[in-house]
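With the hints as constraints, model all of the structure from the sequences given.
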Amino acid sequence: MKKTVFLPWLRSVLIVSLAYSFLFTAAAQNYYPADIGNTWVLESVDGVERSTYTLEGSETDDGEERILLKITTEELSTGEAETDQYFLTVGTDAIQLHRTVLEDAVATLTADFPTPVTFFPLQLELGDKWQIPADAEVMLVGGLTITGKSTTNLEVVGFEDVVTPAGTFENCAKVRLELTLTTPFLNLDSTTYQWFAADIGPVQYENSDSLIFGLVSSNLLTVPEAPETTEEDVTPETPPVEDVMPDPSPEEDPLPEQPSEEAVVPEQPSEEETMPEPLPYDVTGDGVVNILDLTFVAARFGEADADADLTGDGIVNILDLVLIAQNFGN
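Using our numbering, the first residue of the sequence shown is number 1, and each one after it goes up by one.
Please note that a few of the clues may not be correct.
Said to hold, decoys possible - PhoX-like mimics (lysine-lysine), calculated; alpha carbons at most 25 angstroms apart, straight line: (1) K129 with K174; (2) K149 with K70; (3) K174 with K70; (4) K149 with K129.
Claimed, not checked - Estimated spans, in silico, between C-beta atoms of each pair: (5) G37 with D305: 43 to 49 angstroms; (6) E160 with P121: 16 to 22 angstroms; (7) G302 with T118: 27 to 33 angstroms; (8) D209 with T295: 20 to 26 angstroms; (9) G37 with E303: 44 to 50 angstroms; (10) L144 with V216: 36 to 42 angstroms; (11) D209 with L126: 24 to 30 angstroms; (12) T39 with G79: 36 to 42 angstroms; (13) V216 with F159: 21 to 27 angstroms; (14) T145 with N219: 27 to 33 angstroms; (15) T39 with T182: 32 to 38 angstroms; (16) E160 with T295: 38 to 44 angstroms; (17) F113 with P165: 42 to 48 angstroms; (18) N219 with F159: 23 to 29 angstroms.
Treat the hints as calculated values from the structure; they're not laboratory data.
Beta carbons: idealized from backbone N, C-alpha and C, even for Gly.
What follows is the structure, encoded as structure tokens:
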């Protein structure tokens with residue numbers, strides 16, 4: 001599937017830095033109510049993906065009770081989905097992350113934080129800045145282990161009105177997230193934005209490719225009740241004209257369209273057209289998709305390099321790294 005969304009191990013590290021942008025509770029202005037049972041559904045403006053966030057609990061992790069955040073991302077055209085889990089607590093000053101478990105078809109990531117990581121302070125003001133580090137070990141299919149370290153710098157850069165499919169939200173806190181990812185063979189920088197509405201939570205997200213996700217539903221949205229009606233308020237509907245017109249008589253029935261004398265024979269595709277093109281995942285040409293191919297593509301990240309642009313979208317990005325990872329070992 002596609003998905004705001006990701007190379008499995010890289011997606012896992014990036015989602016760690018993204019997840020905390022969806023977890024926020026403030027005392028005076030509650031920009032992200034972190035109560036068990038809360039849900040938020042955001043969809044991309046291109047209609048391709050849907051992300052559903054749910055807070056469940058209480059879950060036991062290492063003998064301690066945690067709130068479980070589940071993030072399920074679905075490709076709407078195929079129904080394919082991936083679910084990530086985050087074990088959290090809400091303290092007096094901040095929401096904290098203790099552990100993550102992220103699994104998909106090609107990789108499993110587990111990150112433990114002996115010292116809990118602060119996702120968000122409980123109050124936000126314009127100009128507030130903070131930082132979050134993350135370490136992770138990822139086991140790819142085939143036994144390859146990759147370690148990564150990320151540092152995300154966050155800043156409240158403004159308060160704006162936001163229009164989404166779920167409605168218009170005023171004075172939303174806009175948070176900028178600048179991520180730096182370092183691995184033994186790859187360095188990446190990424191900037192994303194998240195908007196939070198008071199007493200609602202996350203209402204809009206912009207990924208590093210400038211794709212917008214907007215809120216479509218949440219159990220925190222209030223639906224106005226319909227006004228009561230009386231019999232005097234009810235006006236009988238006038239049937240449409242086509243409903244009162246009599247059916248045509250048999251003499252008026254139009255003659256069925258006669259097929260043409262010359263039958264059209266569909267053109268058969270040539271043998272070349274029916275043969276699928278080979279997938280160029282082995283970009284180094286050594287006969288196997290391995291770490292060399294991943295390094296080759298990563299070194300050209302953000303460039304318009306046809307040899308590394310596996311998706312053909314004009315730029316080397318996360319989607320190209322995903323193709324390499326999904327075919328690792330082939």
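A quick look at each hint next to the structure:
1. K129 with K174: Since the Cα atoms of K129 and K174 sit roughly 12 angstroms apart, the hinted pair holds (cutoff 25 angstroms).
2. K149 with K70: With a Cα-Cα distance of about 23 angstroms, the restraint between K149 and K70 holds, given a limit of 25 angstroms.
3. K174 with K70: 23 angstroms, holds
4. K149 with K129: Measuring from Cα to Cα gives roughly 20 angstroms; hence the hint holds.
5. G37 with D305: 43 to 49 angstroms: Holds - the Cβ-Cβ distance for G37 and D305, about 47 angstroms, lies within 43 to 49 angstroms.
6. E160 with P121: 16 to 22 angstroms: 20 angstroms, holds
7. G302 with T118: 27 to 33 angstroms: With a Cβ separation near 30 angstroms, G302 and T118 satisfy 27 to 33 angstroms, so the hint holds.
8. D209 with T295: 20 to 26 angstroms: 22 angstroms Cβ-Cβ, so the 20 to 26 angstroms window holds.
9. G37 with E303: 44 to 50 angstroms: 45 angstroms, holds
10. L144 with V216: 36 to 42 angstroms: Between L144 and V216, where Cβ atoms are some 38 angstroms apart, the hint holds.
11. D209 with L126: 24 to 30 angstroms: 27 angstroms, holds
12. T39 with G79: 36 to 42 angstroms: For T39 and G79 the Cβ distance comes to about 19 angstroms; the hint is violated.
13. V216 with F159: 21 to 27 angstroms: 23 angstroms Cβ-Cβ, so the 21 to 27 angstroms window holds.
14. T145 with N219: 27 to 33 angstroms: Violated: the Cβ-Cβ distance is about 40 angstroms, outside 27 to 33 angstroms.
15. T39 with T182: 32 to 38 angstroms: 34 angstroms, holds
16. E160 with T295: 38 to 44 angstroms: Hint holds: Cβ distance 40 angstroms, inside 38 to 44 angstroms.
17. F113 with P165: 42 to 48 angstroms: 35 angstroms, violated
18. N219 with F159: 23 to 29 angstroms: 24 angstroms, holds
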